[in-house]
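Colleague: Chains as they are written, first to last, in the working numbering: chain E, 24 to 263; chain Z, 24 to 263; chain V, 24 to 263; chain X, 24 to 263.
No lab work stands behind these hints: they were computed from the structure. Among the clues, some could well be false.
As the list claims (entries may be wrong) - Derived DEER-like restraints, expressed as beta-carbon distance ranges:
(1) X:Ile98 with Z:Asn150: 13 to 21 Å
(2) V:Arg213 with E:Glu216: 22 to 30 Å
(3) X:Ile98 with E:Gly166: 42 to 50 Å
(4) Z:Asn150 with X:Gly235: 35 to 43 Å
Claimed, not checked - Straight line, CA to CA, 20 Å or less: simulated SDA-like cross-link-like pairs of lysine to any residue:
(5) V:Lys146 with V:Leu156
(6) Z:Lys103 with X:Ile98
(7) X:Lys146 with Z:Glu65
(8) V:Lys103 with V:Val57
(9) X:Lys61 with X:Ile98
(10) V:Lys146 with E:Gly97
(11) V:Lys146 with V:Glu187
(12) E:Lys146 with Z:Glu49
(13) X:Lys146 with V:Glu65
(14) V:Lys146 with X:Leu149
(15) Z:Lys61 with X:Leu149
(16) E:Lys146 with V:Ile93
(17) E:Lys146 with Z:Glu65
(18) E:Lys146 with Z:Ala66
(19) V:Lys146 with X:Ser75
(20) Z:Lys103 with Z:Glu65
(21) X:Lys146 with V:Val57
(22) X:Lys146 with Z:Gly97
(23) Z:Lys146 with X:Ser94
(24) V:Lys146 with X:Cys69
(25) V:Lys61 with V:Ile98
(26) X:Lys103 with Z:Gly97
(27) Z:Lys103 with X:Leu149
(28) V:Lys103 with E:Arg227
Keep in mind it's a predicted model, so treat the numbers as computed, not measured. Built from N, CA and C at the ideal position, the CB exists for glycine as well.
Number of protein chains: 4
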Amino acid sequence: MNDVMLKLKPARRERLADVLYGQILEQITGGQLVEGAKLPSEAQICREFQVSRPVVREALMRLQADGLVISRQGIGTFVKSRPSDKLTSFAASAEIASYLRAFEPRLALETECAGLAAMRRTKAQLNQIGEALAALEGAFQRGETGWEEDFAFHLAVAEAAGNELFPRLLQDLRDIMRGSMRMALSLTRRGSEERRRRVLEEHRRIFMAISGQDPDLARLYMRFHLTESRARITGSHGDR
Amino acid sequence: MNDVMLKLKPARRERLADVLYGQILEQITGGQLVEGAKLPSEAQICREFQVSRPVVREALMRLQADGLVISRQGIGTFVKSRPSDKLTSFAASAEIASYLRAFEPRLALETECAGLAAMRRTKAQLNQIGEALAALEGAFQRGETGWEEDFAFHLAVAEAAGNELFPRLLQDLRDIMRGSMRMALSLTRRGSEERRRRVLEEHRRIFMAISGQDPDLARLYMRFHLTESRARITGSHGDR
Amino acid sequence: MNDVMLKLKPARRERLADVLYGQILEQITGGQLVEGAKLPSEAQICREFQVSRPVVREALMRLQADGLVISRQGIGTFVKSRPSDKLTSFAASAEIASYLRAFEPRLALETECAGLAAMRRTKAQLNQIGEALAALEGAFQRGETGWEEDFAFHLAVAEAAGNELFPRLLQDLRDIMRGSMRMALSLTRRGSEERRRRVLEEHRRIFMAISGQDPDLARLYMRFHLTESRARITGSHGDR
Amino acid sequence: MNDVMLKLKPARRERLADVLYGQILEQITGGQLVEGAKLPSEAQICREFQVSRPVVREALMRLQADGLVISRQGIGTFVKSRPSDKLTSFAASAEIASYLRAFEPRLALETECAGLAAMRRTKAQLNQIGEALAALEGAFQRGETGWEEDFAFHLAVAEAAGNELFPRLLQDLRDIMRGSMRMALSLTRRGSEERRRRVLEEHRRIFMAISGQDPDLARLYMRFHLTESRARITGSHGDR
Numbered sequence: 024m025n026d027v028m029l030k031l032k033p034a035r036r037e038r039l040a041d042v043l044y045g046q047i048l049e050q051i052t053g054g055q056l057v058e059g060a061k062l063p064s065e066a067q068i069c070r071e072f073q074v075s076r077p078v079v080r081e082a083l084m085r086l087q088a089d090g091l092v093i094s095r096q097g098i099g100t101f102v103k104s105r106p107s108d109k110l111t112s113f114a115a116s117a118e119i120a121s122y123l124r125a126f127e128p129r130l131a132l133e134t135e136c137a138g139l140a141a142m143r144r145t146k147a148q149l150n151q152i153g154e155a156l157a158a159l160e161g162a163f164q165r166g167e168t169g170w171e172e173d174f175a176f177h178l179a180v181a182e183a184a185g186n187e188l189f190p191r192l193l194q195d196l197r198d199i200m201r202g203s204m205r206m207a208l209s210l211t212r213r214g215s216e217e218r219r220r221r222v223l224e225e226h227r228r229i230f231m232a233i234s235g236q237d238p239d240l241a242r243l244y245m246r247f248h249l250t251e252s253r254a255r256i257t258g259s260h261g262d263r
Numbered sequence: 024m025n026d027v028m029l030k031l032k033p034a035r036r037e038r039l040a041d042v043l044y045g046q047i048l049e050q051i052t053g054g055q056l057v058e059g060a061k062l063p064s065e066a067q068i069c070r071e072f073q074v075s076r077p078v079v080r081e082a083l084m085r086l087q088a089d090g091l092v093i094s095r096q097g098i099g100t101f102v103k104s105r106p107s108d109k110l111t112s113f114a115a116s117a118e119i120a121s122y123l124r125a126f127e128p129r130l131a132l133e134t135e136c137a138g139l140a141a142m143r144r145t146k147a148q149l150n151q152i153g154e155a156l157a158a159l160e161g162a163f164q165r166g167e168t169g170w171e172e173d174f175a176f177h178l179a180v181a182e183a184a185g186n187e188l189f190p191r192l193l194q195d196l197r198d199i200m201r202g203s204m205r206m207a208l209s210l211t212r213r214g215s216e217e218r219r220r221r222v223l224e225e226h227r228r229i230f231m232a233i234s235g236q237d238p239d240l241a242r243l244y245m246r247f248h249l250t251e252s253r254a255r256i257t258g259s260h261g262d263r
Numbered sequence: 024m025n026d027v028m029l030k031l032k033p034a035r036r037e038r039l040a041d042v043l044y045g046q047i048l049e050q051i052t053g054g055q056l057v058e059g060a061k062l063p064s065e066a067q068i069c070r071e072f073q074v075s076r077p078v079v080r081e082a083l084m085r086l087q088a089d090g091l092v093i094s095r096q097g098i099g100t101f102v103k104s105r106p107s108d109k110l111t112s113f114a115a116s117a118e119i120a121s122y123l124r125a126f127e128p129r130l131a132l133e134t135e136c137a138g139l140a141a142m143r144r145t146k147a148q149l150n151q152i153g154e155a156l157a158a159l160e161g162a163f164q165r166g167e168t169g170w171e172e173d174f175a176f177h178l179a180v181a182e183a184a185g186n187e188l189f190p191r192l193l194q195d196l197r198d199i200m201r202g203s204m205r206m207a208l209s210l211t212r213r214g215s216e217e218r219r220r221r222v223l224e225e226h227r228r229i230f231m232a233i234s235g236q237d238p239d240l241a242r243l244y245m246r247f248h249l250t251e252s253r254a255r256i257t258g259s260h261g262d263r
Numbered sequence: 024m025n026d027v028m029l030k031l032k033p034a035r036r037e038r039l040a041d042v043l044y045g046q047i048l049e050q051i052t053g054g055q056l057v058e059g060a061k062l063p064s065e066a067q068i069c070r071e072f073q074v075s076r077p078v079v080r081e082a083l084m085r086l087q088a089d090g091l092v093i094s095r096q097g098i099g100t101f102v103k104s105r106p107s108d109k110l111t112s113f114a115a116s117a118e119i120a121s122y123l124r125a126f127e128p129r130l131a132l133e134t135e136c137a138g139l140a141a142m143r144r145t146k147a148q149l150n151q152i153g154e155a156l157a158a159l160e161g162a163f164q165r166g167e168t169g170w171e172e173d174f175a176f177h178l179a180v181a182e183a184a185g186n187e188l189f190p191r192l193l194q195d196l197r198d199i200m201r202g203s204m205r206m207a208l209s210l211t212r213r214g215s216e217e218r219r220r221r222v223l224e225e226h227r228r229i230f231m232a233i234s235g236q237d238p239d240l241a242r243l244y245m246r247f248h249l250t251e252s253r254a255r256i257t258g259s260h261g262d263r
């Protein structure tokens with residue numbers, strides 16, 4: 024492990040933690056920060072990036088949650104793994120941080136949607152989920168990213184929850200969800216066959232649990248799918 | 024138990040299940056449907072209210088979830104308890120159903136907010152939650168409903184979750200949340216001293232769990248509070 | 024779909040529902056009950072098997088939860104899928120039902136263990152989990168079932184939870200857990216390479232989440248693993 | 024806040040963390056450690072008590088989770104609140120720590136039991152839960168602690184879960200559960216009327232959720248009850 028200079032441009036924008044997250048991510052992806060490299064201390068980053076301590080902490084916490092760095096108490100923070108360099112070719116790095124953040128409310132909302140859908144879906148709603156699944160599969164076979172079909176699938180589940188507030192809230196997240204889906208699925212399209220198979224299988228399980236009217240199973244599979252989707256973006260499981 | 028005539032006006036609006044829910048609620052509150060009375064069969068309600076079976080099922084399912092009716096398999100559906108007649112003086116009955124529905128996405132979103140807030144809140148954010156709590160207590164002492172203070176408390180928790188999408192989504196629910204808070208707290212204001220004490224205590228626990236940085240506890244207390252708030256509206260626990 | 028005669032031997036033992044579950048499972052596995060076949064009505068099964076209605080309901084509910092039959096309200100219960108015929112060569116069919124039942128307390132206990140282990144594990148405890156994982160991989164490579172290594176892994180997670188009551192309770196379930204692990208892993212050994220890969224990956228994820236000190240992730244991956252293990256026994260996902 | 028001498032007797036027994044927890048608890052209850060007092064550093068406690076760092080951390084973590092001390096990062100650990108001095112008159116302080124530990128597996132197991140009971144309970148099983156509830160109320164009216172009735176209630180819920188492994192596991196925890204119930208309810212008997220009312224209400228809610236066949240509600244109310252029971256022992260909510 025070796026200590027490195029981290030190059031930071033002072034920033035003055037709303038989500039400072041995102042910008043900082045993005046700059047560090049960029050340097051990991053770009054190879055300036057290699058695996059095992061030690062990041063500067065929180066205090067140093069504060070000074071150099073000209074932000075307060077909580078902003079630095081938030082950015083580091085997210086990088087750690089994404090499996091990109093690891094903090095060892097009393098020693099420091101180290102680069103842990105390097106995500107696909109394709110990642111930063113799809114979006115500006117601050118935008119990537121913002122896409123990743125969308126998974127938090129999605130986990131909360133969509134896990135609940137899946138459970139309610141398993142209890143309440145009408146036959147017509149189930150068919151709509153099934154059709155979105157088939158459309159996603161078709162898009163993959165045609166070599167497309169399938170992000171519109173992906174969004175349609177998740178919206179159909181929200182509609183099957185039998186409470187119109189759920190699709191409304193998902194619509195509020197639409198732009199950010201689509202951005203993250205496009206990015207994730209672009210990586211998947213260029214990734215292995217195995218990776219596409221997994222994405223489909225995760226959706227299929229959600230469909231089956233809703234079809235089988237098992238709310239606990241539907242919640243589990245939705246939560247698993249969203250967690251894995253996020254991990255596929257940050258690359259924390261490798262190319263899968 | 025005796026069979027009764029249920030008077031229904033055919034309706035043609037978007038949320039038919041809400042309108043149906045509201046009409047039945049009104050007759051229970053108004054005393055036309057007394058405890059133990061048997062509702063007409065699903066098929067009869069379909070015909071009379073001129074809606075499809077899923078609409079009737081949804082309305083009955085919600086009435087049952089709210090503890091207002093009870094279904095006995097193969098026998099029928101019976102009126103179980105009668106909510107405060109003050110209830111329908113605050114809002115049109117279809118509106119009440121819509122307020123109640125807001126608790127579903129709130130449970131999903133706010134439970135998660137409370138957990139994240141316990142992990143991430145800054146000292147300033149914690150103070151803001153504490154101030155909203157004090158303001159709610161003050162409002163109660165002045166004999167006000169305190170619904171604005173209540174909303175401010177929940178928004179402060181969402182802000183402490185460290186992800187700006189949470190307060191944004193809560194803002195989307197603002198009107199419907201405020202409606203339900205105003206209704207619930209109006210009932211509370213006219214209710215017993217004990218009831219006000221409970222409302223405050225539930226908020227205080229959420230604050231303490233976030234202050235103590237215990238995410239599981241914060242989730243539990245938020246979930247408990249929202250569940251109890253809903254029950255206070257439908258009156259399923261009595262005047263508490 | 025065609026109606027079939029279900030051959031049942033009246034039974035008088037403690038877990039009547041298990042025995043009934045086992046007899047129906049046996050006839051599905053053995054091919055007497057083919058896909059799409061309609062089971063006799065609850066009332067008929069009561070009479071023929073000479074048990075009360077709740078016993079029949081419990082057995083049918085479990086068969087449905089295991090994806091072996093499907094109930095269509097007001098129409099009847101139908102055979103949905105046929106598990107591997109290897110299944111009943113490993114254990115008497117009532118024993119299989121008892122093994123499957125062990126997953127319920129395991130889901131409750133071990134999900135919590137995984138979460139606590141992520142928060143509390145010492146370095147030595149983490150190493151022990153890692154060694155059990157390596158041992159399981161080794162067993163698979165040598166063509167063994169690896170059920171002792173599997174049990175050792177789960178026990179190591181329970182020990183890392185920092186509360187000696189968890190390993191004690193797991194020891195109480197030891198015999199039934201080992202029976203179900205032996206059965207599941209025997210099916211896996213004879214199954215596809217893909218299936219072994221999945222079993223290892225599920226364990227590896229649990230290890231990584233505990234190593235990364237992420238309690239929510241550890242809970243999710245443990246719950247996913249146990250759910251999938253159960254599904255691998257009943258064959259509800261096919262040979263995976 | 025003032026720095027104090029903490030008197031510790033070196034110990035060599037299996038659950039060192041419990042013994043250490045108990046000694047500190049005793050000094051808080053006994054008044055040697057007053058509110059606001061600063062505990063010695065982890066390193067000092069290690070030396071004086073002659074145990075390793077993880078043992079000290081575990082004891083402090085539990086004291087903090089129980090609301091008895093609070094850690095301020097980089098500053099130290101301080102006494103936060105003083106539980107009822109009646110507490111240590113009921114049991115040796117290491118025993119108290121062991122009773123408190125029983126709540127962890129109980130939360131995992133009994134939350135799940137309550138959910139399954141809501142889905143599966145027969146009418147006879149529901150009656151048994153109701154009778155245990157009535158017996159607990161009777162015991163309170165006669166001025167008894169009611170701990171046997173309390174255990175009977177929880178066992179009846181486990182039996183209604185429809186899986187004999189749950190009551191079996193609860194029986195394994197019987198002695199430790201009874202110890203903690205006896206202690207908690209002795210405190211309750213000497214406590215306020217309000218406190219007894221709450222204990223009954225918590226049980227009544229669990230019963231009602233199981234009766235109303237609402238698994239999510241049953242899980243929530245069981246989790247709430249167990250969390251509050253634990254808090255009543257450590258006194259972290261005051262005399263309630």
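Colleague: So, for every hint listed, does it hold in this structure?
Modeller: Checked hints:
1. X:Ile98 with Z:Asn150: 13 to 21 Å: Roughly 19 Å apart at Cβ, these two residues keep to the hinted range, so it holds.
2. V:Arg213 with E:Glu216: 22 to 30 Å: 26 Å, holds
3. X:Ile98 with E:Gly166: 42 to 50 Å: 58 Å, violated
4. Z:Asn150 with X:Gly235: 35 to 43 Å: 40 Å, holds
5. V:Lys146 with V:Leu156: Holds, because 15 Å separates the two Cα atoms, which is no more than 20 Å.
6. Z:Lys103 with X:Ile98: 57 Å, violated
7. X:Lys146 with Z:Glu65: This hinted pair is violated, its Cα atoms lying about 25 Å apart.
8. V:Lys103 with V:Val57: Cα-Cα ~9 Å, so holds.
9. X:Lys61 with X:Ile98: It holds: about 9 Å lies between the C-alpha atoms, which stays within 20 Å.
10. V:Lys146 with E:Gly97: Holds - the C-alpha atoms of E:Gly97 and V:Lys146 are around 16 Å apart, at most 20 Å.
11. V:Lys146 with V:Glu187: Distance ~17 Å between V:Lys146 and V:Glu187 Cα, so the pair holds.
12. E:Lys146 with Z:Glu49: 30 Å, violated
13. X:Lys146 with V:Glu65: Distance of about 18 Å is within 20 Å: holds.
14. V:Lys146 with X:Leu149: Answer violated: V:Lys146 to X:Leu149 is near 46 Å, above 20 Å.
15. Z:Lys61 with X:Leu149: Roughly 23 Å separates the two Cα atoms, so the pair is violated.
16. E:Lys146 with V:Ile93: Holds: E:Lys146 and V:Ile93 sit about 15 Å apart, inside 20 Å.
17. E:Lys146 with Z:Glu65: At roughly 18 Å apart (the allowed maximum being 20 Å), Z:Glu65 and E:Lys146 satisfy the hint.
18. E:Lys146 with Z:Ala66: Given pair E:Lys146, Z:Ala66 holds - Cα atoms ~19 Å apart, limit 20 Å.
19. V:Lys146 with X:Ser75: 13 Å, holds
20. Z:Lys103 with Z:Glu65: Answer holds: Z:Lys103 to Z:Glu65 is near 17 Å, not above 20 Å.
21. X:Lys146 with V:Val57: Not satisfied, since the Cα-Cα distance of roughly 35 Å exceeds 20 Å.
22. X:Lys146 with Z:Gly97: 16 Å, holds
23. Z:Lys146 with X:Ser94: Holds, at roughly 15 Å.
24. V:Lys146 with X:Cys69: Since the Cα atoms of V:Lys146 and X:Cys69 sit roughly 18 Å apart, the hinted pair holds (cutoff 20 Å).
25. V:Lys61 with V:Ile98: 9 Å, holds
26. X:Lys103 with Z:Gly97: 57 Å, violated
27. Z:Lys103 with X:Leu149: 18 Å, holds
28. V:Lys103 with E:Arg227: 17 Å, holds
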